[in-house]
Each structure stands twice: as C-alpha cells, then as structure tokens.
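Number of protein chains: 2
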Amino acid sequence: MKLTEISGGVCAPKGFKANGIHCGIRKNKIKKDLALIVSDVRCNVACVYTTNLVKGAPILVTKKNVADGYAQAVIVNSGNANTCNEGGVEIAEKMCGLVEQYTGVPAGDVVVASTGVIGQPLSLEPIAGGMADLVAGLGDNSDAAAEAIMTTDTVRKQIAFSFTAGGRTCRIGAVCKGVGMICPNMATMLMFVTTDAAISSEMLQRALSADVKKSLNMLSVDRDTSTNDTFCVMASGLAGNRQITKPDADYRAFCKALNAVTTAMCRKLAADGEGATKLIECRVRGAKSLKDARLCAKAVVSSDLVKAAMFGSDANWGRVLCALGYSGAKIDPDAVDVVFRSSAGEVEVCRQGRGVAFSEETAKRVLSEQEIDICVTLGNGHYCATAWGCDLTYDYVKINGDYRT
Amino acid sequence: MKLTEISGGVCAPKGFKANGIHCGIRKNKIKKDLALIVSDVRCNVACVYTTNLVKGAPILVTKKNVADGYAQAVIVNSGNANTCNEGGVEIAEKMCGLVEQYTGVPAGDVVVASTGVIGQPLSLEPIAGGMADLVAGLGDNSDAAAEAIMTTDTVRKQIAFSFTAGGRTCRIGAVCKGVGMICPNMATMLMFVTTDAAISSEMLQRALSADVKKSLNMLSVDRDTSTNDTFCVMASGLAGNRQITKPDADYRAFCKALNAVTTAMCRKLAADGEGATKLIECRVRGAKSLKDARLCAKAVVSSDLVKAAMFGSDANWGRVLCALGYSGAKIDPDAVDVVFRSSAGEVEVCRQGRGVAFSEETAKRVLSEQEIDICVTLGNGHYCATAWGCDLTYDYVKINGDYRT
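For the record, the sequence lines run as chains A and B.
To convert, take the position in the first sequence, counting from 1, and add 607; that gives our numbering.
To convert, take the position in the second sequence, counting from 1, and add 607; that gives our numbering.
Any given hint might turn out to be false.
Identical copies go unnamed one by one, so any copy, or any two together, can satisfy a pair.
Listed below are the simulated SDA-like cross-link pairs for lysine to any residue, each with C-alpha atoms no more than 20 Å apart in a straight line [said to hold, decoys possible]:
1) K898 to G935
2) K1005 to T884
3) K937 to L667
4) K1005 to E976
Bear in mind the hints are in silico, worked out from the structure with no lab data behind them.
Using the sequences provided together with the hints, build the complete structure.
Written out as structure tokens, the structure reads:
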C-alpha cells in the first residue's frame, strides 16, 4: 500500500477545521493555551486513556461523551490539567457546553482534554472569554492547534498521510504533545487523530487499541504514566470509501496508515522528551514471544542508566544487558548480541553475552549523533519489537526540579 | 527488647575479623579495592541475591558454596563486577582458593562478591598479589572492609547493635555499599552482616528472606536492579545463646535486631544515592493490603518526577498522587491525604485527593532539609509500609553520563 506524507496535520483529512489561541490560562501571553478541532459532520470516534487510577476530570467527561461511538469536536487547554481539584468535572462539562454554544456541535459530541499542573483549580473565565476568537479563526490551522496543546514541548508535533482504501484516496492527520505516555511533568500525553476514511466506531476502536500496544505504549521519557493521557481518533467518512466494518484489506490499509502516524509521533515525542538531546530507539529481535520483545525494548529505553550513558555518548553496554535481565522477559543472557548504530556507523559491543573488543573512538562517534539505535538480538526466538525513548540530561532535572513554581 | 547501637561494624560480633586494602584492581591508589571478612569458626549462613537474569559470576560461585548452609569468610573486590566477561566463574573460584591458601578457610566456605563495571575481564593478579597484606592486617578493621567495597559511595556504610536472645547478649554488625538494590551504576548493592547469635541456617534464611521484603526491596535509587546484588548474613554462634531453631521469642529478637541493621543501612544507602542531596522516606498508611502499601511507597520514592521535585524543594504533590495512581495498588484517589514533613516542620498539601491551600514559603522551608518524609494516608485499609529513596540531581546525570570512561 502506498502511503504518502502530506501537509495539513489534523486539517488534511476532509471536513476538519482547527485553531489555537492564547486565552489567558497561562500567564505567558506568547504561549497559546486553547485548541479546538471541529468536523463538518458527526464522526465515528475511538479513544484510549491513561491506565493511571488517578484520572483527570476531562477523561471522565470524554468517556461519557464518546460512549455512543460519535464525536464532532475536540477542545483542549494547556497550562492546567484540571485534575485532583474541586469541581473539575463540572468545568470540563462547561467547556463542552461552550463548544456547543459557539459552534452548534452538541456538548455530548465533544472530546475534552486538559494538560498542565495538577491539583489547581481551573477557571472557566479565560476559556469562555476566548471562545469567540477561537471559533472565528477555525480553518486550515493545524499549526495553531498543535501549538496550543504544547506544555514543555519545544516543537509542534503534527503529521499527515494519504492512503488508499476501497479505491478512494483517504487522509489521516494528527496533532500531539508530550513528552511521553510516560509523562515528564504531569502535563500528559495527548494525541488527536483525524481521518476522512469511513470506518465504523467498532473497527476504529479495534485499530486504535491494537496500534497503541506497538506505538505509544512503547514510548518512555521517564516511566511516569500521567493522569491525563488521551489518544483519540475521529473519522469523518468524507473520503467516500465504503465504510470499513470488518478486518478486511481496507481495514489493514487504515491500520497501516494509523501506525505510520503513531510511529512518527512516538519518534517526535521521544526526540523532544524533556531535556533530551538524543532520540533512542531500541530494536529487539529474536525474542521468544512478542511480549518478551516488547518488555526488553521498553526496559532498555526506560533505564535511567542507559539514558545517562547515551547522554554521555558512553558505550556502557553492560547497562543494556542489565535492563534486559530485569525486564521480566525470558532471556538467555549467553545468547544476547548488542550493536549500537547511528548515521555515523555502527559498533558491535556484545556477542553471546560477552563483551567484544571495540574502538572507543568509533563508539564515541556513533553515539554522538542525535538518533541512536540500540540493536539487541536475543537469539532465542523470532519476535521483534521497537521502543522509543531519549537520553537523561541535566536539563531534565532542571525542568522538573522547579516545574510548578 | 532492648537494642543498643555499638561500634565495630562487622567486627562487633564475637569471632569476626576484617580488613580492606588497595591491591591494584583500581588505578586510583588511594581507593581500597579488596575486602576480607573471616570468622574464627564455621558459621551458619543465609543469602539473598539479585533477581536480574543477568547474574554476576561471583553469585554463581557463592550460591554453590553456601548451599550446605555454612560459610566462614567473605572476599569482595570493587572496581570490576566480574560479570558478562570471559572466565568470570573461574576467577571467582580462584578468589575463594586464595582465601583458603592464605587463611585455611576451605574455598567451599567462602562467599565471593565483585562490584564495578560489567563486561570487562577481571585479572586475578592484583588480588593474588594483595592477599598476604590483606590477611596480615585482619583484625578489628570493619572500617577498612567497608571502605574497600565502596564504588561511587561517598561514605563508608557500617553499623552494629547489641541485643538479647536466650538470656545472652548477642551482637549483629554489617558493612554495605550501594547505592541501591536498584543500582545506580551497575556497581551493585552488597551487604554483609555478621552476628554471634546462635541461629540455624534455616531460621537465618527465613529471617533474611522476610526482612529483605521490608528493607532492601523498599529502596530505590534509580529502579535499575543490578546484576550483582548480594545480601549475606553469617552467624558464628559465639554469643553462647541456645541456638535459635524455631520462630520463638529469641527468633523475634534476632529479626528485630536484623531489621534495625537493614533499616539503618537502607537510610544510609538512600542518603548516599548517586548525586543525591536528600534522603526521601515515603511512609504509607491506611492501605488495603501490605502489598498495596509497599507498591505505593516504592512508586513514590522511585518516581523521577517526585525525585526531581524534591531536589528543587518544590511541593509538587500532584506527582505523588500520579505515582500512587500507577503503582499497581488498589487505591481510592478521593481518599488520599498527603503531608510533607521534615525537621523544619510539616505541610499538608492534599486532603481527600484534592489540593489544600498551603504556604509556599513553609513548604519550601520543609522541603529544603536533607531528610524529607512524604506521608501518605490512603484511607481504605490499615496496612503500612515505608520506602527509601533520594532526589534526582544534576550530579546523578553527571556521574552516570561518563561512568565507564
């Protein structure tokens, strides 16, 4: 199947408009803090949320609103997570009410999300005050929406692809913010995907739930699962393909396009992890099971020791072996090979569980690049998995030592 | 039961001598790198080891040597973990052989451990060359042994207590190095406890296995379980008490003394965590089960976000709630209270899952101390647990960004 990257983010698929503004939740006036995505038509919708037992109030409201399988708009604020505070659910519901008041989309078809510090009251006032401007500016503004949901993100994260399903050209686009499902600052991972492919809510949920296992769940910035993680896909059906209602070739085409979006976003999220200077990708091959492959890959990118070594461009592969050993996967330590790879070349550091002689100079050069692959071959099966993370830096500590004040 | 702290470390109990020297494994000549603890008599012994599937070669040899329940000496080197290298088991066995050659203690009664970088060959030469000096200096030298097992530890860690069992005064002492069961630098947690209490190997193992669940397993510096963790207790029986062979009052007295040792060591290990400026103690009360209490306490001290906030003296209690939420414990978020406490006072920050107004000035003062208690009341049961950790600092990243080279 041909998959082509296109511009436009969440507005690339037919029927979607977006905008983002500064309404005043944040004190810093150059930082946008309110985003809106609206579809011309009612969409089929599917969501997945954080597994944290402490859940943001917006999640409770969104769950209720999408329970019927439909949604038509997304409203998101940054600067406050609307979590562990008084009256959070009521505020989230009022945000949906404002969308209805200003756009005509019923409040019960609105996905609502918040991101920022938790435990502080969220005032409706700036949001209500900003709605007229927000709605007036709705258009091909995925840029503004992507910017308005950022917290400590340093770059906007959006992407779009076109693909073919049922003989029709379909589009899928997304905006997201991080900097991880494993959240660096309680500011949570949010991702909103739009598509004009016609696909039933059931198949959309199936695609989403399957995809998240190999995309967002394989991403770690700091192993802290946030309270507000929300990953939502809305399908307008305006591409005109016959609706996808079963796991056929069209469904597989859609899943492939969705995975292209989520994988690209995982890489963007990891590369922009708080304080990060490097994207770390761990590719595990030869595992006994898919679960083992995933456990191993995730353990390696999650290890503070591996992350600190990558920051220092130090080929301390023993830490990779250590992480594999405590990952929970069934591994045979004597069958493990490890290679570090980047655009500057590659260096084999461990074969059959033992160190191999390597040039420290080459290793330093390979590890000094901005994208590092840690390639692990377990040698006791044929399953593979990839996980994404970033290095651990002084700036991570700096950002998080004084995030709130 | 009266428990009195005494001096002497591992040499406080009757029958134990120790020493530590620089033999040349480390390049830095002022750093000791070889330790020996020897008992006058054969001891009952019990050990617990890392759960990491990648295990240091010395662990394989120690396991074999203590399988019969007896040991009489401990030899430990720092500077090299003797793990994931060629011939590691043979080297570890030769280290035991050197102990036999120089002290007469049979090689099969020697506990052997190594700590340092993994994946590098360990040469027997400096060890063999140092044995004569090491043995000649055996005596009341717990200080030297504690120093010789240090890696990035900044202080020696030893302690001893006297207690009463079977009407006799018994003593228990220990040396250990860190800086965590959850290891900061692949350098591993090692702890060696001596006692002159008479206690069977079976009861010793039972006491050790029970204690580790509430002591070392509740400690985290960076969530990286090392490959070489070894926790060993040797009992000489020279105190003359009737041997403890069942779970009676004497056994409980011994367990209490053992827990005093391990708790003190956990605090020392956490306070000296790599780069740490603060000891973090999380006390959880009101949990539905002991397992839940432990999961919660451990999750809080393990969270990089909580650790970074503590470094910055930032009362970002939302991160504590977040960690409780993903800990895996069954909690009711709306029943959680959180108080930060230190020698400078206390500040309540969260009641029934909601933020309470507090003075930022007071919070800053409380959190600026070197020991911080995070007191969590879950409000859905009556189980308690305590976990220990440290803050996450620039120095942690610095130390681990360039540990190997």
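Against the structure, the hints:
no. : hint          : result
1   : K898 to G935  : both (10 Å within a copy, 19 Å between copies)
2   : K1005 to T884 : both (14 Å within a copy, 15 Å between copies)
3   : K937 to L667  : between (38 Å within a copy, 19 Å between copies)
4   : K1005 to E976 : between (23 Å within a copy, 19 Å between copies)
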